[in-house]
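Number of protein chains: 4
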Amino acid sequence: MEIHGVKIDDTYAEAFPAWVSSVIITGATRELAYRSAVEATGFATSVIGCAAEAGIDAYIPPQRTPDGRPGFGILIVHPKKKHLKEQLVERVAECVLTAPTTAVFNGMPDAAEKLPVKLHFFGDGYEYQTKVGDRSVWAIPIMGGEFIGEEEIGVVQGVAGGNFFVMGESQMSALIGAQAAVEAIMDVCGAVTSFPGGIVGSGSKVGSKKYKFMNASTNELYCPTLKGKVPESKVPEGVKGVFEIVIDGVSEAAVSEAMAEGIKAACMVAGVKFITAGNYGGTLGPFKFDLHKIL
Amino acid sequence: MEIHGVKIDDTYAEAFPAWVSSVIITGATRELAYRSAVEATGFATSVIGCAAEAGIDAYIPPQRTPDGRPGFGILIVHPKKKHLKEQLVERVAECVLTAPTTAVFNGMPDAAEKLPVKLHFFGDGYEYQTKVGDRSVWAIPIMGGEFIGEEEIGVVQGVAGGNFFVMGESQMSALIGAQAAVEAIMDVCGAVTSFPGGIVGSGSKVGSKKYKFMNASTNELYCPTLKGKVPESKVPEGVKGVFEIVIDGVSEAAVSEAMAEGIKAACMVAGVKFITAGNYGGTLGPFKFDLHKIL
Amino acid sequence: MEIHGVKIDDTYAEAFPAWVSSVIITGATRELAYRSAVEATGFATSVIGCAAEAGIDAYIPPQRTPDGRPGFGILIVHPKKKHLKEQLVERVAECVLTAPTTAVFNGMPDAAEKLPVKLHFFGDGYEYQTKVGDRSVWAIPIMGGEFIGEEEIGVVQGVAGGNFFVMGESQMSALIGAQAAVEAIMDVCGAVTSFPGGIVGSGSKVGSKKYKFMNASTNELYCPTLKGKVPESKVPEGVKGVFEIVIDGVSEAAVSEAMAEGIKAACMVAGVKFITAGNYGGTLGPFKFDLHKIL
Amino acid sequence: MEIHGVKIDDTYAEAFPAWVSSVIITGATRELAYRSAVEATGFATSVIGCAAEAGIDAYIPPQRTPDGRPGFGILIVHPKKKHLKEQLVERVAECVLTAPTTAVFNGMPDAAEKLPVKLHFFGDGYEYQTKVGDRSVWAIPIMGGEFIGEEEIGVVQGVAGGNFFVMGESQMSALIGAQAAVEAIMDVCGAVTSFPGGIVGSGSKVGSKKYKFMNASTNELYCPTLKGKVPESKVPEGVKGVFEIVIDGVSEAAVSEAMAEGIKAACMVAGVKFITAGNYGGTLGPFKFDLHKIL
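Chains as they are written, first to last, in my numbering: chain A, 1 to 295; chain B, 296 to 590; chain C, 591 to 885; chain D, 886 to 1180.
Treat the hints as calculated values from the structure; they're not laboratory data.
Cβ atoms here follow ideal geometry from the backbone N, Cα and C, with glycine treated the same way.
Careful: at least some of the hints might be erroneous.
Facing chain D, according to a computed beta carbon distance under 7 Å, are these residues of chain C, among others [what the hints assert, rightly or not]:
| # | residue |
| --- | --- |
| 1 | G632 |
| 2 | Y718 |
| 3 | L816 |
| 4 | E827 |
Label-pair restraints from in silico Cβ distances [unchecked claim]:
| # | chain 1 | residue 1 | chain 2 | residue 2 | range |
| --- | --- | --- | --- | --- | --- |
| 5 | C | E676 | B | E532 | 56 to 62 Å |
| 6 | D | N1100 | B | D405 | 36 to 42 Å |
| 7 | B | K500 | A | R135 | 55 to 61 Å |
| 8 | B | R430 | D | N1100 | 46 to 52 Å |
| 9 | D | E916 | C | N805 | 45 to 51 Å |
| 10 | D | K1178 | B | P404 | 31 to 37 Å |
| 11 | B | M296 | A | Q157 | 55 to 61 Å |
| 12 | A | E113 | B | L590 | 50 to 56 Å |
| 13 | D | H1177 | C | K670 | 51 to 57 Å |
Model the full assembly from the supplied sequences, consistent with the hints where possible.
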């Protein structure tokens, strides 16, 4: 299979179940909402070493937010619901409640299950309940004015670890291909790429052959500089750069759409040569995203 | 005392000792380095609820980085050295090693003390030692190419919690004043503002009068909407917005300079009326930054 | 009439007919497309002193551009079709053809009338015709690779000079209100705000009382610092800042929607007090946008 | 000669004398100053088709601007002083005076020669003279508050058309190399890159062989897709992308430094293969920048 001259490998991405919550952060301006969303989704690339995975899902213009101000939807993700709840509370408390002019709303009002985010105790008794449209919120007097927060945030069983690899004739071809992919995924609702700029520069394998204390180590079979030095390198001839896109989403459909749109966009970039995906032979994750089927 | 017609309160900011490490993150482009720096300093506003405090110190042009590529200097801060070390390792491993095209260097080569950041085990035996200029680094083969990392990062005893309050005739006057302050502080070497966009919208007091389980709660004496409702409000007549700037730095001098430059910049904004600072009567922190003295 | 506590003046904005062309600029990444769009719409605030008015209409994700790459739609506007044609050619030739990785497509393929933008002569005979989807384009060999350009760009009779004024209790309240308005307008299809950041800081009147050689001069009736100094000042009591939003669009409906969405967003900002609009008593422009009717 | 493994051609860039004026634009925030600077330097890539060449020289922090607010220095460039004067006035009047919160100052107070930019007539008699530090300025009442402008702007005889070509093993390697070069040049004082994002994607030759009405056309000798199709192609073996950086500056020294720093930064990017420069055999421009000498 080829898209725009780029070969698509006949393989699948293996992914895992995870709990996903969705928060809308609004602010007086787009920039103010963005700064808070960036802080709240920071240090959240992979649960291998971070307390959660998180990313910005979408910009939401004033016309479509609960309070008529510009906002961003973010996703916070963890395999365990208890950990997700803790992270949700801490990230909203430390990165949104503290930010200038921001407010918080439930990003999935239709979700059957909700997690409590009880910020109103911060008000020390000066807080009060009110409404924004049809949403029940707490208003907390703060130095900057009043903080408005909805305290029940929707959570669903979603998918973590959807992925594909962009390979290029040069490191920079693969990188720009990966950037184009991330930009396409930004427009897919319900899916985020949690790594810096959405791109993984150092895709890993589980464990380590040499250092037994390591949970993860470099995936030498996909390292261009090790081609010819390791047996059975999976780096195709003529490929000098490989970048991985990892996707978390609210549903199998969202991750599938994100993978498809991301791959199509990457294939439009000059010098992108090959697209494949990572899996563990189907032994680990229950979700399989077959590249040829989703495209 | 007045600056550009803005009254400067005759008071001081109280601050605390903390360990501060400094990392330089470079990338193929400024944007790539920036994305990694933002991720590495995310979810790090206050140790009240975050595992560390962190911020971007400065952009460093290619002319002045160890590897001749654009970079950013970041500071990671924690009162306890053991916690700082853990956070330093995790943040560099998860947010810089994983990022596309990035490299890591020691931001304080002259610091007497260094913290180890041993990323090279990620190389699973394929890593090797080399030099960038006069710096000893490890090169780790990764999918994107090779990751270069210096593994000893300077750490010093610095200062956390330097602060001042910007008060304005309207919420937005105080906010723009605070933004101008943050922009001035960006140009002060060795000082960061760890909150979203550098600004605290909801300054807190220690503990809570009503909810005993809370470590911190709204500082009602500085809330404009509570003026007239709480006794002894410290919001001056005609003030409708108060934003706090909190500064961490490598030294008392750096925090002092950051406070001075930030206050001067805030005072240039139309509608800024009053500058003060937060302290606990000198009972908590050993550092006192007297506003009139530093200006 | 009030929106979120902000009084909406019972008046109308007067606007004028103008020719409007729409161009889609795509690039390898969103940033590359954006840089070209910004250059192509620069120095284009008002035809009082610029050769055209222009602005970025919308970001278009890879999923929805002709060539599957990220792009921006821009509008270029002039009352006279001949001038618009010249400006369209020059701006595309100098700011898009010259930019790295960009391509050009007709942003209004359904427009009955088209303007020619014959860039292919730049190919000096090495150019050739091809297709992108169902669009006929020229491919021009360039240093960076190949430039792809559609050479017929749709043009319609639209509207220039739609406007409203945001007034605030402080300069900064009005400014943030105006920013929120611009951000809402960005999401309205077919309408742009051509001034820097979308905001006019120095709204003008036609001509000058004192300096007869001036085509336009400060609108003293709306200057807060002249309240009490000029007779019949139109600055309401308690207003210290006034910013104007000027809107050009492809149709009366687009400008009307942009005005409505912009005003609603401005009214959500703390300290915004009053919204009005500019007109010349209906003597100049055939279009009248009654604020109460459009909201 | 090689830098970081990249071959530097033994040739020179040929450049031309031009008049260069320097303006400092400040604003309440960095973003507000930036928006105005971008508009004022837009549609200004090349005097082949634009009324001037222009670019942002440097960000200037509040600590170092005349009015203690964040600002940007811009350069406006034209071979003819009369044209420069007209463009300087129009660009400042339409893109800075109109912008929210901005002020204008002379960026080269030490220049022997000055151009008048008499904006104060816009005040219609309500304007008045005052001082900002030791600078004489006019204050003009406007809707947003007061516009502050210095009305004599320094102008010097500088250099236009300094240049070099970045060639890469792939289109994207050359592009990222060119981006790195532009980022290095941003830190060189007194030099700008006027093209979109600082990069030329379609470098040209003077005139056209086939279309006699064209002043400039594609430089087929440097087009990678024409290698093997045109005799004497100058595209080295293995090169698939060529981007040009064009530099205007206040002096031969500034352009020389910008070229040197830009080339060094480009050479740090993986896949960059060759650096050369454009000249016309020395017949046109009096300035010759020998690559080996300046590095």
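Results of checking the hints against the structure:
1. Interface hint at G632(C): satisfied, since its Cβ lies 1 Å from the closest Cβ of chain D, which is below the 7 Å cut-off.
2. The criterion of a C-beta within 7 Å of any C-beta in chain D is not met by Y718(C), whose closest approach is roughly 11 Å, and the hint is violated.
3. Hint status for L816(C) relative to chain D: holds, with the closest Cβ pair at about 5 Å, below 7 Å.
4. Annotation: interface hint on E827(C) violated; nearest CB of chain D at approximately 17 Å, more than 7 Å.
5. The hinted range of 56 to 62 Å is satisfied by E676(C) and E532(B), whose Cβ atoms lie roughly 58 Å apart.
6. One distance hint, 36 to 42 Å for the beta-carbon pair N1100(D) and D405(B), is violated here, with the actual separation near 56 Å.
7. At about 29 Å, the beta-carbon gap between K500(B) and R135(A) misses the expected band of 55 to 61 Å.
8. Remark: the range hint 46 to 52 Å for R430(B) to N1100(D) is upheld by a beta-carbon distance near 50 Å.
9. A C-beta distance of roughly 30 Å is found between E916(D) and N805(C), which places it outside the suggested range of 45 to 51 Å.
10. Remark: the range hint 31 to 37 Å for K1178(D) to P404(B) is upheld by a beta-carbon distance near 33 Å.
11. Taken as a hint, the range 55 to 61 Å holds for the pair M296(B) and Q157(A), whose Cβ atoms sit roughly 59 Å apart.
12. In this structure, E113(A) and L590(B) meet the distance hint of 50 to 56 Å, their C-beta atoms being roughly 53 Å apart.
13. In this structure the supplied range 51 to 57 Å holds for H1177(D) paired with K670(C), their Cβ-Cβ distance being about 52 Å.
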